[in-house]
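Participant: Chains as they are written, first to last, in the numbering used here: chain A, 156 to 506; chain B, 156 to 506; chain C, 156 to 506; chain D, 156 to 506.
Among these hints, one or two may not hold up.
[Said to hold, decoys possible] Listed next, with one range per pair, are the computed distances between beta-carbon atoms:
| hint | chain 1 | residue 1 | chain 2 | residue 2 | range |
| --- | --- | --- | --- | --- | --- |
| 1 | D | Gln197 | C | Pro419 | 41 to 51 Å |
| 2 | D | Asp192 | C | Gly432 | 42 to 52 Å |
| 3 | D | Gln197 | C | Arg204 | 49 to 59 Å |
| 4 | D | Pro176 | B | Gln193 | 57 to 67 Å |
Since the hints were derived computationally from the structure, they do not count as laboratory data. Beta carbons: idealized from backbone N, C-alpha and C, even for Gly.
Okay, here's what each chain looks like letter by letter:
4 protein chains.
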Amino acid sequence: MSGSTFGTIFKVTTFGESHGPAIGAVVDGMPAGVEIDQNFIQQELDRRRPGSKAAGSTLRKESDTVEILSGVFEGKSTGTPIGLLIRNSDQHSSDYSQLKDLFRPGHADWGFHAKYGFRDYRGGGRSSGRETACRVAAGALAKLLLRRISQVKITAYALEIGGVRCQNIDLEQIEKNPLRAPDLSAAEKMAERIEECRKNLDSCGGIVECRITGVPAGWGEPVFDKLDSLLAQAVFSIGAVKGFTVGAGFAAASSTGSVNNSAPGAAGGIRGGISDGDEIVFQAAVKPTPSIGQEQLMPGVDGAMHPFAIKGRHDVCIVPRVVPVVEAMAALVLAECALRQRCAVVSENSN
Amino acid sequence: MSGSTFGTIFKVTTFGESHGPAIGAVVDGMPAGVEIDQNFIQQELDRRRPGSKAAGSTLRKESDTVEILSGVFEGKSTGTPIGLLIRNSDQHSSDYSQLKDLFRPGHADWGFHAKYGFRDYRGGGRSSGRETACRVAAGALAKLLLRRISQVKITAYALEIGGVRCQNIDLEQIEKNPLRAPDLSAAEKMAERIEECRKNLDSCGGIVECRITGVPAGWGEPVFDKLDSLLAQAVFSIGAVKGFTVGAGFAAASSTGSVNNSAPGAAGGIRGGISDGDEIVFQAAVKPTPSIGQEQLMPGVDGAMHPFAIKGRHDVCIVPRVVPVVEAMAALVLAECALRQRCAVVSENSN
Amino acid sequence: MSGSTFGTIFKVTTFGESHGPAIGAVVDGMPAGVEIDQNFIQQELDRRRPGSKAAGSTLRKESDTVEILSGVFEGKSTGTPIGLLIRNSDQHSSDYSQLKDLFRPGHADWGFHAKYGFRDYRGGGRSSGRETACRVAAGALAKLLLRRISQVKITAYALEIGGVRCQNIDLEQIEKNPLRAPDLSAAEKMAERIEECRKNLDSCGGIVECRITGVPAGWGEPVFDKLDSLLAQAVFSIGAVKGFTVGAGFAAASSTGSVNNSAPGAAGGIRGGISDGDEIVFQAAVKPTPSIGQEQLMPGVDGAMHPFAIKGRHDVCIVPRVVPVVEAMAALVLAECALRQRCAVVSENSN
Amino acid sequence: MSGSTFGTIFKVTTFGESHGPAIGAVVDGMPAGVEIDQNFIQQELDRRRPGSKAAGSTLRKESDTVEILSGVFEGKSTGTPIGLLIRNSDQHSSDYSQLKDLFRPGHADWGFHAKYGFRDYRGGGRSSGRETACRVAAGALAKLLLRRISQVKITAYALEIGGVRCQNIDLEQIEKNPLRAPDLSAAEKMAERIEECRKNLDSCGGIVECRITGVPAGWGEPVFDKLDSLLAQAVFSIGAVKGFTVGAGFAAASSTGSVNNSAPGAAGGIRGGISDGDEIVFQAAVKPTPSIGQEQLMPGVDGAMHPFAIKGRHDVCIVPRVVPVVEAMAALVLAECALRQRCAVVSENSN
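Chain A with its partners taken away, still in its complex shape (with noise of 0.2 Å):
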């Protein structure tokens, strides 16, 4: 109940700190007979591994290798449960051991400390960004599922860093360069943005944009669990993730229903909570991530704010490895509804 299952057909439930000796997921509700290419798993995670110094990321290195203990046999999924685990291979909780006292600014720490009265100082536990590699795995078999059942692509992209926003939309660029950003032009100059950053020990947020298409008309359930409601909590669940729109977003808001009706993609792709068939298309703003180099006045246990600077290695920007966690939820949301639209008439021939 610490909720960290998703889904109720297609159903993940990730574990796992970062200071741990493994992460892993288990995915119960993969339909047997898709085949599972464990190299395309491999290839997502390392979408999400640490990159280069451009896009921001800290240069230490995790394997992030995943092992399938369950549910494939001879290369297909089996209809029982995938368990998937990913060895943390990099441990230093020294490095942690000085913050045990202290609640990092923008982190969960004060929140875990207040819930559970105790808490794992060692990084950020299960708040830690490490947890989304679970996810990456997880949503990569939700990929395989939706290649296979209907030719669904998702592609999101780095739309804004660090206030520079992408001119152009060209999904071909994306993975080009190591902002993920679809407009090399304008990656240039947010990698001049996280390198300002970097100087001053800052850190930088952005935005993701995510674009589905493929998606036949009727993916989604007319109340609570509409697509853009599941996708809503999908992607606020990722750690940073402080705003989230659908097609007009906050700009339908000082729209007019004759506009708005009519305006291309205003609806995103979902009305009334069920997808229309167009292409999908929704926001994430990230914030800038809160681990920054600075000295910061943090609060401690025993009630008084102290100066501390936390030392180690930092990402400027994580929104280029938002990315791919964005896509995993986005995925994971949708093979969801995919299974659940088999149940939603009694016969295909009867309608």
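Once you've looked at the hints, dock chains B, C and D against the given chain A.
Facilitator: Frame of chain A; chains B, C and D shown alone:
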């Protein structure tokens, strides 16, 4: 599995269409011993009813009288499910027969048709705003629980309508004007904007902001069921919502870590998905209601586009009516989190 | 979370107490396009009503008219929740006031008091047999679904009453006698046994057996949600059930592998938790209803024991009325498993 | 959705096949602050391992060493998911290739084939008894929780094996004989019966009884999630179980209300689905394991019957090994009910 249940421990299941005999809800999970003030539930429902012309509402009469069918004995909850029933007094199905073969723009009509192969064309059915009356009634029960176990106070209001934004936030003003704006001067301009839309047979949207005080630090779960993640799902499940933000929202995307970490209100009362004890603040973008009196082009079941003007009464602006629905959904999430927190630690004395 | 929901994809939520204004159910997950025969639902409810004196039932009148509130349009399910309402016509709370401070033996009274700190002492409340009317109505919907997607036929009957066991099983006889025994000769002896109990102000129990044909091989899930596991939960959730067996049941315990592997009917149609295509057969042991007219010693809230005779009408034997409830619960389980099976394989053509 | 998750608040998800690289479990919902005694978990697992020849077990070595991957910090649960991993040391898939095209009688083989269109034919896969190791490990965690919040003690034993029934119940004897019988004299006769079966290349079953003390009155929910209902599901989810009874069980069916109401132990500690504070007693009928060395007729994928003798080691009687699994499943149910009870009343002081 049509997604009509919300929550796990404090679990609400709704049913009913706008043009059927009744709508209702079952609240399973209310702890025993809570005083059930039926007047309060009715008052909350009355807040959702169509209001004055100034608020952009139609003037049809809906009594929306709630009947409590079970789960209450001698004024207190018994611990068993509370059944709530609201009869539909005003079913003019004939109004809708002309829409039988058309899909209204911006509505769920086409999605329903694609999903189920046919649809109840009498109004929005499950996608009608009428369904939200059940949420408000259930949310009232959640508020009664929250009031009892913590001094939680949930206040939503219209921050912006038709592009007019409040300059001051005075919570005392909200229920004193039909727009539910916390700024009377802005409310006047909003009313003008609504009147303008009415004349144009058009509609307008806005932004609802919600402030919650009294939530102790520690509510919300670390991974998929983060407090903001559940709020995002809850608020996005309200029909017209196209955007959701917490704290700094999209502004955080262009901030830096050093600024964002210490900016008052940036976190919005939730860090790492767990309440931090501060005031919780979130916003929802509400699109202009797609039901307008202008002639519009509508796709038909025949595949062609048809010019058509929807007759009947339309709300020009649903934002003031969305306000109590947003509060209700927030209350359902918080009631769930409050009860989950009871299971988070083995013993309060053990810490 | 008071456990009033059953099923995940075909999900039933019930509410209501025996002495409140109404009881009801919400069935969420009925696929769209199923013909909803309201007469059939009513007939199933009528089978659960108190019957003739010969069947050991009291003669009070309960009309148990079900009203369908939602989810059906032009005679077919729409895919949205079906709300079912049954008004309580006969609420004599005064009969029960004398039981306010006593805990009836064999009933849930003491458990409720211990659980919730107080209880609705008017009859059994949620533990009343009356609650099962909702199960029968929901089960009727499940039967309509099962009939449509497979030729599933569920037939339960009184195998044994008051120690009298049927020697022949002729399913044609079941509805021809008030005991619902498949053996008319046994039925006569059962009626005598019941009459004897009535004279003694006593009650008697029995065994309900259920046979299900038409279930294809492959329904049920491998581990926790085995078909027999779900049936066990479903049947044991009926108030008076104290035992449940499948196929050879306890006789299997003293058999050998060589014999049991090949004995016809030993598996009861379920192996490894999955239907094998054979007839499914299970039994439920029903204890004698604890409500009897004799004076009994009852613990009071004061901690002392009190001699007390419960006045009013009592069913001498509830077994014939449990028969349709067992069928209903089996139908709910099978509807769930049938829909889950739609998600088990990626594509029927892929095998 | 393959049904590999058990519980809602204390939620266990298992994965893994007998012949894959590993099996494991994720326990999500353990409250923070519980001392996690890894030795105890290992001891429980050791109780499930193949035992002595006298107990009818094969002598293969399974180390079954459990690794805790997450959720524990400095010896205490952190409130986050506890990942448990058990490597499979002994995978002889080649032993099974000859069974590729045959469906073993009494096993899930045919059901799996019908369900998924193909199957992992290496042993029982998910239906293998090996899967129960995960239940025992998770159950050990549940026991640690129950011990902490209430003095719950769960003791199961072999009441009957191969038709030999214990005449005395002395719980002290259980772990002193390989049959786990509470009657040493019966244990000797059981061992003889097992030896006889072994010589015949046959197997035998039995009855496991479970006694639970220390459960306070009030656990269990009134309707579908009755305590006995959840126990029934839990116990019936163990592969070989064909019957489940509480208290008087089937004997209640032929009793009368006046007798049954006051008979000690008739209720088995559960009335109306709620614990009454008395000792909880239930029984499970275990069929003889279908894996025997005799030549048997087996259906093949070709539709014909084939005489075949399954080679390799077989347990003659799995009853002693089922004992700790029954305890584990009972512990999972009780941990769930204990936590749910924390949400049943608004305030303990309010009663």
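Participant: None of the hints should be skipped; say for each whether it holds.
Facilitator: Against the structure, the hints:
no.: 1; hint: D/Gln197 to C/Pro419: 41 to 51 Å; result: holds (44 Å)
no.: 2; hint: D/Asp192 to C/Gly432: 42 to 52 Å; result: holds (46 Å)
no.: 3; hint: D/Gln197 to C/Arg204: 49 to 59 Å; result: holds (56 Å)
no.: 4; hint: D/Pro176 to B/Gln193: 57 to 67 Å; result: holds (59 Å)
Figure legend: structure checked against the earlier numbered hints; every hint is met.
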